[in-house]
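The lines below spell out each chain.
Number of protein chains: 2
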Amino acid sequence: MAFTGSADIIRIVGHRGARGLLPENSMVGFQFALSTGIDLLEFDVLLTADDVPVITHDYKFNRSFVRGPDGKFLQGELPHINSLRMEEVKGFDIGRLDGSTDYGRRFPDQAQMDGIRVPRLDELLHLVSQPKYANACLMLELKSDPDSALDPVARAGFVSLVCDEVRGAGLTDRTLLHSFDWTLLAECHRQAPDMPLSFLTQLHDSEDDVGEVSSYLITPDLHQNGISVPDEVSKAGGALWCPHFSEITAHDLARARDLSLCVAVWTVNEPEEINAMIDLGVDAIVTDYPGRVQRRLSDRGFRWTL
Amino acid sequence: MAFTGSADIIRIVGHRGARGLLPENSMVGFQFALSTGIDLLEFDVLLTADDVPVITHDYKFNRSFVRGPDGKFLQGELPHINSLRMEEVKGFDIGRLDGSTDYGRRFPDQAQMDGIRVPRLDELLHLVSQPKYANACLMLELKSDPDSALDPVARAGFVSLVCDEVRGAGLTDRTLLHSFDWTLLAECHRQAPDMPLSFLTQLHDSEDDVGEVSSYLITPDLHQNGISVPDEVSKAGGALWCPHFSEITAHDLARARDLSLCVAVWTVNEPEEINAMIDLGVDAIVTDYPGRVQRRLSDRGFRWTL
Numbered sequence: 001m002a003f004t005g006s007a008d009i010i011r012i013v014g015h016r017g018a019r020g021l022l023p024e025n026s027m028v029g030f031q032f033a034l035s036t037g038i039d040l041l042e043f044d045v046l047l048t049a050d051d052v053p054v055i056t057h058d059y060k061f062n063r064s065f066v067r068g069p070d071g072k073f074l075q076g077e078l079p080h081i082n083s084l085r086m087e088e089v090k091g092f093d094i095g096r097l098d099g100s101t102d103y104g105r106r107f108p109d110q111a112q113m114d115g116i117r118v119p120r121l122d123e124l125l126h127l128v129s130q131p132k133y134a135n136a137c138l139m140l141e142l143k144s145d146p147d148s149a150l151d152p153v154a155r156a157g158f159v160s161l162v163c164d165e166v167r168g169a170g171l172t173d174r175t176l177l178h179s180f181d182w183t184l185l186a187e188c189h190r191q192a193p194d195m196p197l198s199f200l201t202q203l204h205d206s207e208d209d210v211g212e213v214s215s216y217l218i219t220p221d222l223h224q225n226g227i228s229v230p231d232e233v234s235k236a237g238g239a240l241w242c243p244h245f246s247e248i249t250a251h252d253l254a255r256a257r258d259l260s261l262c263v264a265v266w267t268v269n270e271p272e273e274i275n276a277m278i279d280l281g282v283d284a285i286v287t288d289y290p291g292r293v294q295r296r297l298s299d300r301g302f303r304w305t306l
Numbered sequence: 307m308a309f310t311g312s313a314d315i316i317r318i319v320g321h322r323g324a325r326g327l328l329p330e331n332s333m334v335g336f337q338f339a340l341s342t343g344i345d346l347l348e349f350d351v352l353l354t355a356d357d358v359p360v361i362t363h364d365y366k367f368n369r370s371f372v373r374g375p376d377g378k379f380l381q382g383e384l385p386h387i388n389s390l391r392m393e394e395v396k397g398f399d400i401g402r403l404d405g406s407t408d409y410g411r412r413f414p415d416q417a418q419m420d421g422i423r424v425p426r427l428d429e430l431l432h433l434v435s436q437p438k439y440a441n442a443c444l445m446l447e448l449k450s451d452p453d454s455a456l457d458p459v460a461r462a463g464f465v466s467l468v469c470d471e472v473r474g475a476g477l478t479d480r481t482l483l484h485s486f487d488w489t490l491l492a493e494c495h496r497q498a499p500d501m502p503l504s505f506l507t508q509l510h511d512s513e514d515d516v517g518e519v520s521s522y523l524i525t526p527d528l529h530q531n532g533i534s535v536p537d538e539v540s541k542a543g544g545a546l547w548c549p550h551f552s553e554i555t556a557h558d559l560a561r562a563r564d565l566s567l568c569v570a571v572w573t574v575n576e577p578e579e580i581n582a583m584i585d586l587g588v589d590a591i592v593t594d595y596p597g598r599v600q601r602r603l604s605d606r607g608f609r610w611t612l
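Note that the protein sequences, when read in sequence, are chains A and B. So that you can map any letter, position 181 of the first sequence is 181 in the working numbering, and since no number is skipped, the others follow by simple counting. Whatever position you read off the second sequence (first residue = 1), add 306 for the working numbering.
Don't take every hint at face value.
As the list claims (entries may be wrong) - To be clear about the criterion: a stretch of chain B counts as covered by chain A if any three or more of its residues have a C-beta under 8 Å from a C-beta of chain A, and this derived list gives those stretches: (1) 332-340; (2) 346-356; (3) 388-400.
What the hints assert, rightly or not - Mimicking BS3-like on lysine-lysine, the simulated pairs with C-alpha atoms at most 27 Å apart in a straight line are: (4) K378(B) with K396(B); (5) K438(B) with K132(A); (6) K396(B) with K132(A); (7) K378(B) with K90(A); (8) K72(A) with K90(A).
Bear in mind the hints are in silico, worked out from the structure with no lab data behind them. Given the structure is predicted, the values throughout are model-derived calculations rather than measurements. Glycine included, each C-beta is placed from N, C-alpha and C at the ideal position.
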């Protein structure tokens, strides 16, 4: 499995492409990651009003990096992605960060571009279908919109549209269905039992979340005394467990291995955090700075591909 | 002129492509810079034994980032570029940094790749000849090899080969001939009076040079009391003056403006340095981190292209 490490391999997953360096969830970001030998890509999927799966993180546009057709960062009421038709979504520009926002300040090295659009899922599927990216695999995060998070018909429709596109592109064996929303993953399993599932967990708030709209969380209560998160992931049918890097312990990692779970940690950006995850021996590191992780791994004698 | 700023424009020049993020002087680095809207590229040119202009900085290979055909970083005696034929040069890999070296430690975010080769000058000329890069301009640095630095025939031959390639690609109006070696620039002026000249200066050693092999310096003595560097550049026929960022003063910048010199500063990487150069109002900033400079300029209401 492409996300599984070994004694001398730790995988690198480009978070939203390479958010530290290029506009997040953009085709230019995915192309950059692939061009530097990062073949595992993490990204987020939501539906437009006209049922097109698009690649963007927040269920409503984030004013820190979305500009309207007037070229200005969004103000006031923010449109929900599921209230916009695809052609409307393409009118917004995601190429720059507003440096006056908390979110903008988090990425001081990100290239600033114009005319960068929210991609459709099928644009990325098409890109990685090129023969030169035959090793590319996708960590496709299904996001929840709180408006429809509890509506089983809407959820089934979302999963169906996403899985159909992946299947149509012939990429079911190269795509991991990934979510914080465990009931959404259960629906994925019903509809696409051939595709591996990846369970995101976060037990505590983190300063890494500043300026982001959270997805609607539908998880079992993982805070109960004595609960083993990897056991819960395994019982739920997970192939991969993806905890926040600050919350993984050597004990839980060993338990995950006993359960044959692959373990990827998110989102690991600082050099000392990267080193700690290498020391721990996770399978994969999800990062906004894939080059930085390559440097740490290369210096320490690790590879990230076979 | 593409390197000239204005009240709300400061230009960004990608140093050796984007050395902070991708292997220096590599095609993948140049492509990355261009893909993020950086259309001014700085790079270094030397000649192989069989008289092919190639893009690489040190007159002998740098053991900090050059691996031999055995995949190991170079050890022992380092080959001079002008002792290797083109086909031999292509046997070396420049895709990784050795993190145990001072030079390697300077670029902790650089992507680590395999199979990256020293490009021929004509590969880059071909790339920027594509219609989509019609705005791209080149800051072509001619490097001196100490073995031939004082041989006028060798120097004339070097300049002739480089200028012929630029002329053959139809890029004379998009290429600045750039050097620390003022006699080499005088030779450029003799052979290609239609091409603008750019004079590099550095009066004092800098910690930014750690781990680099210096070019042979043939400059007038700029340390004399009362000498005005911009005046010297202007007298020598310069269109652009390129001082180290730590050595420029508001007084010299104003004098350069009086002399109609364009002023680009090298190599500006730290946020506080970038801010200081924006405050000073230089025309152009040469940087290993073009995205970081875009962020600073964007936040402060500047553009970097028309």
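Legend entry - Structure-inconsistent hints, enumerated in ascending order: Failing hints, ascending: 2, 3, 7.
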